[in-house]
Amino acid sequence: MNRTRAAMVIARRDFTATVLSKTFFFFLLGPLFPLLLGGVFGGIGARVASQTAQPVVAVVMHEKEFEVLYKARQRLADATGEDAVVHLAYYAPEPDSDAQVKRLLKSSNPPIRAVLTGWFGDPKLVGDLRPDSATERQIKLLLRNSIMPEFPSPRLDVERTAPAAGSMAKDRAVTAQLGQMFLFFLTILLAGMLLSQMIEEKSNKIIEVIAAAVPIDSMFLGKLFAMLGACLLGLLVWGSIGFATVAFLSGGNLDKIPAPAVGWPAFLGFAVIYFSMNYLLLGALFLSIGAQASTAREVQILSMPVTFAQVLIFGLAAVAVGAPNSPGAMAAAIFPLSSPLVMLARAAEVPGFGPHFLALAWQALWVGIILAIGARLFRRRVLQSGRARPFWRRRSTA
Amino acid sequence: MLRQALAQSWTSEFAVEARNLVKDFGEKRAVDGVSLTVPTGSIYGLLGPNGAGKTTTLRMLLGIIDPSSGERSVLGNIRPLEVASRVGYLPEERGLYPSMNAREAIAFLGALRGMPLAEGRRRGDQLLADAGLSDWAKKPIRTLSKGMAQTVQLLGTLVHDPRLIVLDEPFSGLDPINQGKLERLIRERAANGVTVIFSTHVIAHAERLCERIAIIAAGKVAFEGRVDEARSRLRQIVRLRTRACDGPWRSALPANARCEHGEWVFELPDSGPEPLLKALMDGDAGIETLAIERPGLHEAFVAIAGEAAAEAMGNPELGE
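Residue numbers (this note's numbering), protein chains in the order written: chain A, 1 to 398; chain B, 1 to 320.
In case anyone wonders, no lab produced these hints; they're calculated from the structure. Quick caveat: nothing in here was measured; it's all calculated off a predicted structure. Among the hints, a few may not be true.
Below, computed lysine-lysine pairings styled on DSSO-like, alpha-carbon distance capped at 27 Å [unchecked claim]: (1) Lys-139(B) <-> Lys-205(A); (2) Lys-205(A) <-> Lys-138(B); (3) Lys-28(B) <-> Lys-22(A); (4) Lys-22(A) <-> Lys-71(A); (5) Lys-202(A) <-> Lys-138(B); (6) Lys-205(A) <-> Lys-181(B); (7) Lys-28(B) <-> Lys-202(A).
DEER-style ranges, computed between Cβ atoms [said to hold, decoys possible]: (8) Ala-296(A) <-> Asp-228(B): 46 to 52 Å; (9) Ala-244(A) <-> Gln-126(B): 31 to 37 Å; (10) Asp-228(B) <-> Ile-301(A): 37 to 43 Å.
Ideal Cβ placement from N, Cα and C applies to all residues, glycine included.
Isolated chain A (complex conformation) (with noise of 0.2 Å):
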């Protein structure tokens, strides 16, 4: 029998077990708790959200027009604090106006929401704006609140056009923030499974039978794809679920929320690839150290250090977010256990598909890598006979 089919056999059976107890609706019902925490990690990525808290908004005026629409900004800034008035970006007017415009908002430094141009008498707002957003009444205040007695009151045109880059950029920012959440907090939930998978066959008394039958890692392999196959039916619910909720709260405008780099078709697919990845290469690690613990006292102690080594790994991949092509991210990228959640914040950034497929591959190896180290393990260490030691106690001449 061949090494797949012997992991088919492993998943099968454990898949249906897995799926088919009682305990698996709690498990549906799971996400809730780690929800709750994941507005406690949430923090970790809270800069980058803080660093855009309000649009910016060139402006491409006369400089002694500038200066009072500036202070007309800061009298307002005063009264309702720094955060809540947008935030307003001096240009020079050069010759080619719509050129100027067309590359402020491109800029993602400062990331711009929308140019204002002409004079008080003339004003316009170019940019990515809804009607009536907060950025359009905000600006018209500020002109109101800008005449000079020899103008009359202005009627602001408004020009809208397809989102800039700046504010897409805030926008993907926090699309990629939350698009590793998903994957974390998917990722933790199933992270004490695996820990404990090997138990049952130990305490079972089974693991000889399969041990005798099949190769160490093709049992590996069937119990970390049959635990990936009841994630993501539950992912498939939780989706449901999710996507449900979402479309009720925004009012059936689910075109308003942001879309990733990549658009959503394929950020979905790289959602779901990207937590297979991320949960075939942690479970494969979790499975390894789990199978050498004995006893599920031992998978308790070992339960503690491998959830904060995953929240290590979260905030590794963090530093990605914001910035996906700074060193960090890059080093976060080909470090294998942050790969998956650097590379969906990526998607959600940065346009393009051949990075991935790299990426992919270089996951797919490690898990390989991995699997195979866990395998010798679990051979060399657990399957001995006479009593079992706990794994602290095993000598490593074995």
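For chain A, the structure is supplied; the task is to place chain B on it using the hints.
Only chain B this time, still in chain A's reference frame:
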């Protein structure tokens, strides 16, 4: 090339061959140079006290663990897992998934050996019916008695009709009736050309079933060969009961002859029974009974493995 060369050095006459198998667990040497040859179609017994290295040897033969050094060939293959579909294994520590029903458990064990699940279920139903367990086919394992669960696991070991059956302490935990059933089953399979290897504490089973045995003590093979060869290592035993308690005939008995409940017991001298008989008759010993017995496998085992091993075999509390 190396693999080919190795494969060519094994003969198809033997279902299992092992050469100088060694297994170290840390500083402890569990198996120390075990060599075995198990003829195809034979019933082969692995005897030894607890901790002698029987289970570790079986695990190495089956590819569950790799030897630290040495070679083995199972059904002509030096990689035992590659022929796992033709091997059935019942480990010493029995175990099944408690939530699985008996039929599914048998089918699952068959599937592990490459049998399609549907076929495994069909065969499982048939085997359960033959074992009188039809009513329990769809009951979870956790609801079965220990003996029933053991039977289910044994059926799962055989469901795929293996050519080599390896049973580690198969008789432990079985009542005498089920022990008898298992003995019959082993004989039936062997009659069909299947090779059966089993380890046991109970010498009587090996004596009744085995054509060849290996006695393992302290990780080494103390004896390997036919059962009669093991027994022939010891001199025949003479049991003599006489009417006269004493007389000149006493000098004809060996010096180490001992009297047990009025009966003289001693090894048959090298000179044979004739001089002894003559001395007894000439001395008017009045022979009531005279028996010349071949020693049993138990005596042979004690002599080969040593007293300490024999004592250990009598103590089931010691772990393997």
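Subject >> Satisfaction of hint between Lys-71(A) and Lys-22(A), Cα-Cα up to 27 Å >> reply: Violated. Lys-22(A) to Lys-71(A) sits at ~65 Å, over the 27 Å cutoff.
Subject >> Cβ distance range 46 to 52 Å for Ala-296(A) and Asp-228(B), holds or violated >> reply: With Cβ atoms ~51 Å apart, the hint holds.
Original post:
Are the Cα atoms of Lys-28(B) and Lys-22(A) separated by 27 Å or less?
Top reply: violated (45 Å)
Original post:
Under the criterion that the straight-line Cα-Cα distance not exceed 27 Å, is the pair Lys-139(B), Lys-205(A) satisfied?
Top reply: Cα-Cα ~20 Å, so holds.
Original post:
Taking 31 to 37 Å as the hint, is the beta-carbon distance of Ala-244(A) and Gln-126(B) inside that range?
Top reply: violated (49 Å)
Original post:
Quick one, are Lys-202(A) and Lys-138(B) close enough, alpha carbons at most 27 Å?
Top reply: Since the Cα atoms of Lys-202(A) and Lys-138(B) sit roughly 24 Å apart, the hinted pair holds (cutoff 27 Å).
**OP:** Measure nothing beyond the straight line between the CA atoms of Lys-205(A) and Lys-181(B); if it is 27 Å or shorter, mark the hint as holding.
**Re:** holds (24 Å)
Subject >> Verdict for Asp-228(B), Ile-301(A) (Cβ pair) under range 37 to 43 Å >> reply: violated (55 Å)
**OP:** Starting from Lys-28(B), check that the Cα of Lys-202(A) is at most 27 Å away, please.
**Re:** holds (23 Å)
**OP:** For the pair we were handed, Lys-205(A) and Lys-138(B), check the Cα-Cα distance against 27 Å.
**Re:** Satisfied, since the Cα-Cα distance of roughly 21 Å is no more than 27 Å.
This entry does not satisfy hints 3, 4, 9 and 10, going by the numbered hints stated previously.
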